[in-house]
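**Student:** Based on these hints, arrange chain B on the given structure of chain A.
Here's the letter readout for the chains.
There are 2 protein chains.
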Amino acid sequence: MTTNGSERPAQVQQRTIISVDAMGGDRGPAAVVAGLVDSARADADLAFLLHGDESVLRPLVSQHAEIAGRCEIRHAPRVVTMEDKPSQVMRHGAGTSMWSTIDSVKNGEAAVAVSCGNTGALMAVSMIRLRKLPGVNRPAIACLWPSRNPGGFNVMLDVGADIKAEAEDLLQYATMGAAYARNGLHLRRPRVGLLNVGTEEHKGRAELKLAHDRMTAAQDAAEFDFVGFVEGGDIPSNRVDVIVTDGFTGNIALKTGEGTAKLSSDFMREAFASGLLSKLGALLALGALKRLQKRIDPRRVNGGVFLGLNGTVVKSHGGADATGVSAAIRLAAQLARSGFIDRLAARVASAGRAGQDAAVEGGGQE
Amino acid sequence: MTTNGSERPAQVQQRTIISVDAMGGDRGPAAVVAGLVDSARADADLAFLLHGDESVLRPLVSQHAEIAGRCEIRHAPRVVTMEDKPSQVMRHGAGTSMWSTIDSVKNGEAAVAVSCGNTGALMAVSMIRLRKLPGVNRPAIACLWPSRNPGGFNVMLDVGADIKAEAEDLLQYATMGAAYARNGLHLRRPRVGLLNVGTEEHKGRAELKLAHDRMTAAQDAAEFDFVGFVEGGDIPSNRVDVIVTDGFTGNIALKTGEGTAKLSSDFMREAFASGLLSKLGALLALGALKRLQKRIDPRRVNGGVFLGLNGTVVKSHGGADATGVSAAIRLAAQLARSGFIDRLAARVASAGRAGQDAAVEGGGQE
Numbered sequence: 340m341t342t343n344g345s346e347r348p349a350q351v352q353q354r355t356i357i358s359v360d361a362m363g364g365d366r367g368p369a370a371v372v373a374g375l376v377d378s379a380r381a382d383a384d385l386a387f388l389l390h391g392d393e394s395v396l397r398p399l400v401s402q403h404a405e406i407a408g409r410c411e412i413r414h415a416p417r418v419v420t421m422e423d424k425p426s427q428v429m430r431h432g433a434g435t436s437m438w439s440t441i442d443s444v445k446n447g448e449a450a451v452a453v454s455c456g457n458t459g460a461l462m463a464v465s466m467i468r469l470r471k472l473p474g475v476n477r478p479a480i481a482c483l484w485p486s487r488n489p490g491g492f493n494v495m496l497d498v499g500a501d502i503k504a505e506a507e508d509l510l511q512y513a514t515m516g517a518a519y520a521r522n523g524l525h526l527r528r529p530r531v532g533l534l535n536v537g538t539e540e541h542k543g544r545a546e547l548k549l550a551h552d553r554m555t556a557a558q559d560a561a562e563f564d565f566v567g568f569v570e571g572g573d574i575p576s577n578r579v580d581v582i583v584t585d586g587f588t589g590n591i592a593l594k595t596g597e598g599t600a601k602l603s604s605d606f607m608r609e610a611f612a613s614g615l616l617s618k619l620g621a622l623l624a625l626g627a628l629k630r631l632q633k634r635i636d637p638r639r640v641n642g643g644v645f646l647g648l649n650g651t652v653v654k655s656h657g658g659a660d661a662t663g664v665s666a667a668i669r670l671a672a673q674l675a676r677s678g679f680i681d682r683l684a685a686r687v688a689s690a691g692r693a694g695q696d697a698a699v700e701g702g703g704q705e
Numbered sequence: 340m341t342t343n344g345s346e347r348p349a350q351v352q353q354r355t356i357i358s359v360d361a362m363g364g365d366r367g368p369a370a371v372v373a374g375l376v377d378s379a380r381a382d383a384d385l386a387f388l389l390h391g392d393e394s395v396l397r398p399l400v401s402q403h404a405e406i407a408g409r410c411e412i413r414h415a416p417r418v419v420t421m422e423d424k425p426s427q428v429m430r431h432g433a434g435t436s437m438w439s440t441i442d443s444v445k446n447g448e449a450a451v452a453v454s455c456g457n458t459g460a461l462m463a464v465s466m467i468r469l470r471k472l473p474g475v476n477r478p479a480i481a482c483l484w485p486s487r488n489p490g491g492f493n494v495m496l497d498v499g500a501d502i503k504a505e506a507e508d509l510l511q512y513a514t515m516g517a518a519y520a521r522n523g524l525h526l527r528r529p530r531v532g533l534l535n536v537g538t539e540e541h542k543g544r545a546e547l548k549l550a551h552d553r554m555t556a557a558q559d560a561a562e563f564d565f566v567g568f569v570e571g572g573d574i575p576s577n578r579v580d581v582i583v584t585d586g587f588t589g590n591i592a593l594k595t596g597e598g599t600a601k602l603s604s605d606f607m608r609e610a611f612a613s614g615l616l617s618k619l620g621a622l623l624a625l626g627a628l629k630r631l632q633k634r635i636d637p638r639r640v641n642g643g644v645f646l647g648l649n650g651t652v653v654k655s656h657g658g659a660d661a662t663g664v665s666a667a668i669r670l671a672a673q674l675a676r677s678g679f680i681d682r683l684a685a686r687v688a689s690a691g692r693a694g695q696d697a698a699v700e701g702g703g704q705e
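Chains A and B supply the protein sequences, listed in that same order.
Residue numbers for the first sequence follow this note's numbering, so the first one is 340 and each next one is one higher.
Residue numbers for the second sequence follow this note's numbering, so the first one is 340 and each next one is one higher.
To be clear, the hints were calculated from the coordinates, so they are not data collected in a lab.
One should not assume that every hint holds.
Since the list gives no way to pick one copy over another, a pair counts as held whenever it fits inside one copy or between any two copies.
[What the hints assert, rightly or not] Taking lysine-lysine pairs in the DSSO-like style, the calculated list, with each CA pair at most 27 Å apart, reads:
1. Lys633 / Lys424
2. Lys471 / Lys445
3. Lys618 / Lys548
4. Lys424 / Lys445
5. Lys548 / Lys424
6. Lys471 / Lys503
7. Lys629 / Lys601
8. Lys424 / Lys471
9. Lys618 / Lys633
Model, not experiment: these values are computed from the prediction.
If we strip away everything but chain A, and leave its shape as in the complex, we get (with noise of 0.2 Å):
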């Protein structure tokens, strides 16, 4: 029940432990703490490394007799805002509490990091500490897309780590995903779509041409299913699991479809505020509206994985809440507990040595 860092959590409690960014989101710290106090809450397993300014979070994790055992503070004076530079911040960025939430994961006191700051800047402290895991060469960021599959959700990566990449950056997003899909989805032998537009004819965009070619040849020793070729409308479809593309596409998409569900919902309250009937027939439905506010809600299914470094690291939306910072916390605990980082490493080492033994025999054929 200690706070004192002498002693690590970890050991004495068997708790696991996640670091946690408490600056850098848009709604302050306190949106943060609330977000801890939630996940304490609803999981007494939890406790967390929270690092900012000692003299603002003191305050507000004191009152709250929930965290107040379990949550230790790490002074950090330095704080990452969204207008940082990613460049600027891995050379300058010692001090800040995002560069202090990534070391705790580095020197193993935590088992997972979460972050809502700026997305570049995280990354880049991210990819500097924690470095890439032998073998990739690009990491990716991957996220939940709500959909029609049984569990409700499909994963999509690179949404925005890296606006290229290159066949072979691609069959890893696809070997990294399908291992997300399998600790974070529990599926066992995930689909996985290479993201591509209609036509028959696609001059150009060669990549994606010979990413089909190896993720064809790849997704046996990876155990997925390749379905070949997806189309945007497939994204939320029960075609596929894993969605492949580049991070310029896949950000480009999420925020899309983030923002037409956020359309249609506004759409959708404005017409039942339109009239007294539609105001009572709201009402009576009250409580399907609100499962259906749920299914859609952006909140839960909250937090960008980064895939492909040593140690995971959860990216929290930039103005996420309460229950947007405690879904983040959920699925990094989710993901610490299932041991996801050391099988990630095992996929990926063992596809790169497929992928050498096919090489070979690709080489000898010739």
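**Tutor:** Frame of chain A; chain B shown alone:
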């Protein structure tokens, strides 16, 4: 009132003549003819050239008194299917209803063409028969997107004519998209945004930075306001009227948006069917729900417009029903009547001259 081909209905009746491909849609010619009937009822000044198998079309058309005197059938024995490759159709497409539909615009018999057929093939046939406007390198497909704008729609292009676009092409899309918004949405000085991801530093994608500079320089001559980079979430927003992107990204965004809107409305339907109170609530709110459905109904905005050719072609959804076909025809008629193609050609020509002037000035300063 003659349907005899020797007299041109346009000259006799001063009607707007639409050339319509009756074949190649997923629902067959009956859906297309039903769409003509809806359009003819709503608009007394329309007449049609209908292309396809006469033995199939004649009985369909003769069932409807509304179009009997306003619809001339042009027999075309062959059909372009969804599986046909654009390059094949380009070489061997003569005799298909699609080819014949475009030719009626080429030879001046009709003001505009509408087809539900294979998009790639339709673009290929349109390119080879109508030819590109002088100064246009890559034609584009523009679509309307339900939005928070006062008019209810934004324009996005390219949504799939070509998977690549250089800075010069993107600038041309801005000019053409703005012209379309001026004629199609009645906006005097449309706001144009360039689709990008939100990160501060975009390694690579040099064409976007270059296009950003070119659009900033061109906005006054081309009479649009350039709002800079926009993100996926801005597509349905009131920040922008015209969203410019390459055809790969635009196609993914379009289909992702459609897929997400469909998912939201399916989830909503399930929610209202989930219990007695919900059903009763839905019944009371029926009027509001119907207006909502109409507001987000993709059939209402059915019609991708091909920009950059010597003639206007409207591509209707392959799966369009009578309502969808009639929406595409309404859009086609509006563009024909506004003299859109002449205005567009003038814009492209003047933008080309402005670009040359700028290049000369720029060259002088260097």
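**Student:** Against this structure, judge whether each hint is valid.
**Tutor:** Hints and how they fare:
1. When the C-alpha separation of lysine 633 and lysine 424 is checked against a cutoff of 27 Å, the pair qualifies neither within a copy, at 35 Å, nor between copies, at 44 Å.
2. Proximity of lysine 471 to lysine 445 under the C-alpha cut-off of 27 Å is restricted to the intra-copy arrangement: shortest distance 12 Å within a copy versus 58 Å between copies.
3. For a Cα distance limit of 27 Å, the shortest separation of lysine 618 from lysine 548 qualifies neither inside one copy, at 52 Å, nor across copies, at 48 Å.
4. In this homomeric assembly, lysine 424 and lysine 445 come within 27 Å of each other (Cα to Cα) only inside a single copy, at 22 Å, whereas the closest approach across copies is 53 Å.
5. Taking the closest pair of Cα atoms, lysine 548 and lysine 424 come within 27 Å of each other only across two copies (17 Å); inside a single copy the shortest separation is 34 Å, beyond that limit.
6. In this homomeric assembly, lysine 471 and lysine 503 come within 27 Å of each other (Cα to Cα) only inside a single copy, at 17 Å, whereas the closest approach across copies is 31 Å.
7. When the C-alpha separation of lysine 629 and lysine 601 is checked against a cutoff of 27 Å, the pair qualifies both within a copy, at 15 Å, and between copies, at 19 Å.
8. Taking the closest pair of Cα atoms, lysine 424 and lysine 471 come within 27 Å of each other only inside a single copy of the chain (21 Å); across copies the shortest separation is 42 Å, beyond that limit.
9. Taking the shortest alpha-carbon separations for lysine 618 and lysine 633, both the intra-copy value of 20 Å and the inter-copy value of 19 Å come in at or below 27 Å.
The structure fails to meet hints 1, 3 from the earlier list, while all remaining hints are met.
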